[in-house]
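Under UniProt numbering, the sequence shown has 33 at position 33, and the numbering climbs by one with no breaks.
If you're looking for bench data, these hints aren't it; they were derived computationally from the structure.
Heads up, the beta-carbon is just placed ideally off N, CA and C, and yes, glycines get one too.
Heads up, some of the hints might be wrong.
[Stated by the list, open to error] Straight-line alpha carbon distances no greater than 25 Å define the calculated DMTMM-like cross-link-like pairs of lysine to aspartate or glutamate that follow:
#1 K207 / E196
#2 K207 / D164
#3 K148 / D164
#4 K148 / E220
#5 K198 / E152
#6 K148 / E136
#7 K148 / E96
#8 K70 / E96
#9 K198 / E220
#10 K198 / D166
[Said to hold, decoys possible] Computed Cβ-Cβ distance ranges for the label pairs, DEER-style:
#11 T186 / V62: 20 to 28 Å
#12 T175 / N217: 27 to 35 Å
#13 V143 / F50: 45 to 53 Å
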Amino acid sequence: MNTAVDRSLLKSAFPFPGCNAAGALLPEVPADLERCTTVARYRQHQTIYFEGDSADAICQVVEGCVMLYKLLPDGRRQVVELLGQGDVFGFARGEERDCSAETLTDVRVRFIDRRSAERSCSFQRILARRMLIQFEAMHEHAVLLGRKSAMERVASFLLRLAPDTDQPVISLPMTRQEIADYLGLTIETVSRSFSELKRRGLIVLEKQDRVRITRFNAIEDLATAC
């Protein structure tokens, strides 16, 4: 496995901190869709849409971070995707949303009329480029859920968010519960994993939402163990 390539791929899909990649330019809306597009602002932890809502628009993150999730019949939540600037979401085979979308930070979202977007060749080309990145990141997440231990999952999560410095500092826009729901773990297991990484000297917990990686190579080895 080429770890450097994987990190580049994952960081493109999770452009933290701030969820906006440095210098990233959001593609302009094709001229044929300008009249079919609106932009809305949401505060942190607001719902953009619920599972079952009408899927009448395709969405794109202009600024901030969004999570997509599904609720299980017993009330448990699985976060299925994390989205940053430029990422596209809100697709559906039918007429209803197949998952819910909630903001992790203050967010601006672009809404494009679904029928118009489906007819726009220029938008389909933009969409194809974005979706290739997102699909590859989702494949990595499937491996994480299916094959990695709890410690490996948390290490992988931190590696994805880490800026390119010797001792990167990560500002987490997610609560421990949201991280647990994304990694398919309990909040207790996530907390224990953070504590164990701290005990081993791999990280320093500067604040509840701020982590410094002190032994980057060890985190990298743990994240790519399988």
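Indices of hints not satisfied (ascending):
7, 11, 13
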